[in-house]
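Student: Spelled out, the chains give:
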Amino acid sequence: MPPKAGVILAKRGFRLRLEARTETPRWLIYATPLLALALTVLSGAGLFALLGVDPLRALYGFFIEPISDLYGWTELGVKAIPLALIALGLSLGFRANVWNIGAEGQLTIGAICAGGVALALWNSGGWWSLPLMALAGLCGGIAYAAIPALLRTQFNANEILTSLMLTYVAQLFLSYLVTGPLRDPDGFNFPQSRPFDADALMPPVLEGFRLHWGLLAVAVAAVAAQAVLTRSLLGYRLTVTGLAPAAARFAGFSAPGIIWTCLLIGGGCAGLAGMLEVAGPIGQLMPTVSPGYGFTAIIVAFLGRLNPLGICVAALVLALSYIGSEAAQVTLKLSASVGTVFQGLLLFFVLACDLLLLYRIRRE
Amino acid sequence: MTGSETHGTARLRVRGIKKHFPGVRAVDGVDLTLMPGEIHALIGENGAGKSTLMKIIYGLLQADDGSIWWEGAAVAFTDPAAARAAGIGMVFQHFALFETLTVTENIALALPEGRATAALAADILDLSKRYGLALDPHRAIHALSSGERQRVEIIRCLLQDPRLLILDEPTSVLTPQEAETLFVTLRRLAAEGRTILYISHKLPEIQALCDRATILRAGKVVDSCDPRVTSPALMAEKMVGKVDRPSRRATSLKAEAPLRFSVQNLSRKAGDPLGIDLRDISFSLRAGEILGIAGLAGSGQSELLAALGGEVAVAANTIRLDDQPIGALPVAARRAAGLSYVPEERLGRSAVPDLDLTANALLSGWQRPALVSGGWLKRGAMQAFAEKIIADYRVMPPKTGSLARRLSGGNLQKFIMGREILANPKVLIVAAPTWGVDAGAAAAIHRALLGLAEAGTALLVISQDLDELFILCDRMAALFHGGLSLASPTAELSRERVGLMMGGVADAA
Amino acid sequence: MDIAASILVAVMMAATPLLLAALGELITEKAGVLNLGIEGMMLVGAVCAFAVAYKTGNAYFGVVAGALAGVTLAAFFALLVLVLLTNQVATGLALTLFGIGLSALIGKGLVGQPIPRLPLLSIPGISDLPVVGPLLFGHDLLVYLSLALTFLAHRIITRTRLGLTLRAVGESPHVAHGLGLSVRRVQLSAILIGGALSGLGGAYLSLAYTPMWAENMTSGRGWIALALVVFGTWRPLRMLAGAYLFGAMTLAQLHLQGLGVPIPSQFLSMLPYLATILVLVLMSRDAVRIKLNAPAALGKSFHPDR
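Chains as they are written, first to last, in the working numbering: chain S, -19 to 344; chain R, 28 to 536; chain Y, 73 to 378.
Misleading hints may appear alongside valid ones.
As a list, the in silico DSS-like pairs of lysine-lysine whose alpha-carbon atoms are at most 27 Å apart [unchecked claim]:
| no. | chain 1 | residue 1 | chain 2 | residue 2 |
| --- | --- | --- | --- | --- |
| 1 | R | K415 | R | K453 |
| 2 | S | K313 | Y | K127 |
| 3 | R | K453 | R | K405 |
| 4 | R | K426 | R | K415 |
| 5 | S | K313 | Y | K180 |
| 6 | R | K296 | Y | K127 |
| 7 | R | K415 | R | K405 |
| 8 | R | K45 | R | K296 |
| 9 | R | K405 | R | K247 |
The hints are simulated quantities; they were obtained by calculation from the structure and are not laboratory data.
Using the sequences and the hints given, assemble the complete structure.
Tutor: Below, the structure is given as structure tokens:
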């Protein structure tokens, strides 16, 4: 027997049914991401048990231990900076159903452009090196995101696929650069560029820690995003386009305009994040400049409910999945991919819990 | 048991049916008895609960309370398949057809498996001949007119040899002539002993066709009568209560009124493969004039609206407003030039369902410096604008914070009309302004449109509701297959004549 | 001639994982569901197939495991998009991310291990014939299966009631529901079949194409498969041609690298991705054709009460 409309679970007299809500209580909007987090931790415990590790010990080692000192917290910030920055950019597009999945590639190109500037100015830079690099990163990301925007608006080519394919292309291009033209002449043939000079490195917030002033960029981006979303015509256009595309046409909002805007903002943020990575914690160009920040930022955006403040908090949570898995590798001898599994699970739960916003689950 | 029920087993008996949705009692304790061979009208205005009751009988919705007897036996249809198996067929107002599939494929999907396509096509042809429902079984649905689509639905039902056939507002998609043909078919079906449940709010056709009428209002049965001997005025009052309807417009058009809006040789290939090409459309509108365009679904009305409103661009000179070419301008620029339009679909097109009324007030007003300046929203001004619309047009509930999706069709349409009228356009184009709207709101909207014309705005009303067009318009034309007939003064037109024009017998003299 | 034949055989091998995964996605999309998790399902399919083949020493058990792994992940996806009505794009992305992590986790100890390759089904005598022999005979099970399933899918979609139902659900779940068709059941089946085929595509990679396990060994093939569905305008036979075209290009690219052409290898490796973009642009340019062929309800959640 196929399930009856709306019945989601039927088991010996116990039936659950979905009922559309007329009104969504405000507290629920904040509660569902927390519920998703709790479910992720819970299934994480199960996963650890499956892997033969004491769940409590593992959860402690994964989620608590890495941030039990100042160093841990600053490292959390280091990872959260690119995640938050990219997610802020992507969230605008996701509101309008523009799916830029290629932030990882835009980050890579941003890193290449910023790194190119740093290497060109090597030992001849000054205070203006960093602003110039930031500009280069920003422009690189924007230009790279312009490709899927052009292909979508001119040729109707799906931006999900084109932006993703361009990610592979960008990574290969970076790999070519660091094994070829930009390889460190004194680097014993390692595939990496020269280390940047001091002018091209982000100053740390606290001496002796890696946390850098890219933090400021995140703050500015978050405030700007909040203002745009709640107070500007652009935010209104994005919201209408996402909720009802036909209404956006009726209103006279240009669809190509929205696509361009979303992709370019997303690309710019990702490019800037790429610059911050190479000028910050990495300090040179390497074959890989990001452990998938561009993809993880998608999860950050959803966990943060596409809301700027929420995104900043969510970035910290996802940053923890990175440093947690690094720690788990050392202390628990677990594969670093546990972190990726957590990230995937978290996104599943976030999406699933959204159901509670639209429907009430009733027992019949 | 009372009256007619004693003359044999009722085909369908419904007792005390209740169904409530969040916030509404759609059906509130309805009784209904249908006899074999009877054409029974279920009448009531939009929102009275007719469709909900139908869906319950057909198994699409489950009643909260009440019981149904089918040919003497208590039943509870859990899905349409069960209702169909029992012998109930239903023709929906919004056709349940797959656009890209052929007639035969569409029909095959509703039948039990295992019938050869060729044999089915032959059966379709056979039925279509027997009941006068002309149809080509091999054409794709998107190439059919709305009348033909309805025939597909009817034949799909008939192939299952139903003993009860439910039709939901069947004539709303037909020209008067097509409706006559349908009535012949329906009478033949009733003569074969089948029961027809005919849902409508059009009283003249109910008088012409039906043996019995049950009147529904706000989810309850208010009366049951023989429509052939009951006066339409009485039925109308029972159906909607007393509504102060605007009477037919006295043609007050002055010939010297300036030409406001003109369309010259507008042709456009449909961008959508399932759409209709516009063919050489020309008309003009003077200030204060209301021109009606009668067009059924699929005659090109939505394509015409898109071209006039600016959602698709055409050659600049084909559309002129105050003698300025605007054909190549996008929506925003046309609105700035003084052209507003209201499409037929409300939720998702002229209003965003999940935004509140304050935000929806901005949908067509975002270009006005009073509401948005330098790219930043003026929240206070938006709120005040929404409050003004709500107050001026008596939108219920009078809260700017309610989501558009929570409003009834009539209230939302009043809000949308108010929003466009308060923008004070030079030209207003409206499509199906009272479609799915209750009688009170419909009268209010008609009054608002007449008032707007009085104040000098040129109005174009595109509708398939001829009654509405006859009330509102100074002149009328009809759309058929993307082409527009010549416009004639309403006083010189009859329903029959407009019907012929809608059926492509252009300018039938 | 023998060289030509061996090139063609290699093309078929390169095309098979793409064809399997794309066919699965095509069936899923025909039912109106967009599953962007192909890459994840392929990876988990690949690693499970490899692990089982490694443990049992029998590659056929690996094939079954790969398909089952794909089905399991697809069932998870189905639970989310069909029952919990989540956004299909985001859920598919989550599935890919999850699959990448999970496959790496499962495959941690398997990197560099040897396994028996999926056996070639040679017929002594015939398979040794020149040209025709290696071309038509002597492939492994999955190559034949991928071709057979493609033709079968074509036949089912265009000629049978089942295919008609699938197309109907993909065009309008609401109308289909109104007719009493079981929309959820059709969509669930399509998603699960899609998962099985993606899993098989992954299994082919780790059991036959390169009989080994490496993290992220699909390197974007799941996404290319998605593009192939567009390339084929949702028609199995055209998609078959597309898959073989891509197979040929992958091969050409590898051979150019092998021949020591003076182009940096990274640029040659970019070719499949750039070609995918090119294909998307060429095929999508004609919006009318896409509109006529793409399932109208693709990517939209369906709930009977809404």
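Student: Compare the structure with each hint and give your call.
Tutor: Going down the list of hints, with the structure as the test:
1. A distance of roughly 20 Å separates the Cα atoms of R:K415 and R:K453; the hinted pair therefore holds under the 27 Å criterion.
2. The suggested pairing of S:K313 with Y:K127 holds, with an alpha-carbon distance near 23 Å, which does not exceed 27 Å.
3. This hinted pair checks out: R:K453 and R:K405 have alpha carbons roughly 25 Å apart, not beyond 27 Å.
4. For the hint pairing R:K426 with R:K415, the CA-to-CA distance comes to about 11 Å; that is within 27 Å, so the pair holds.
5. In summary, the hint linking S:K313 to Y:K180 is supported, as the alpha carbons are separated by about 11 Å, within the 27 Å threshold.
6. Using a Cα cut-off of 27 Å, the hinted pair R:K296 and Y:K127 is violated, with the two alpha carbons roughly 63 Å apart.
7. The straight-line distance between the Cα atoms of R:K415 and R:K405 is roughly 15 Å, inside the 27 Å bound, and the hint therefore holds.
8. Note on R:K45 and R:K296: the hinted pairing is violated, with a Cα-Cα distance of about 49 Å set against a maximum of 27 Å.
9. Pair hint R:K405 plus R:K247 does not hold up; C-alpha atoms about 45 Å apart against a cutoff of 27 Å.
Hints 6, 8 and 9, counting from the list given before, are not met by this structure.
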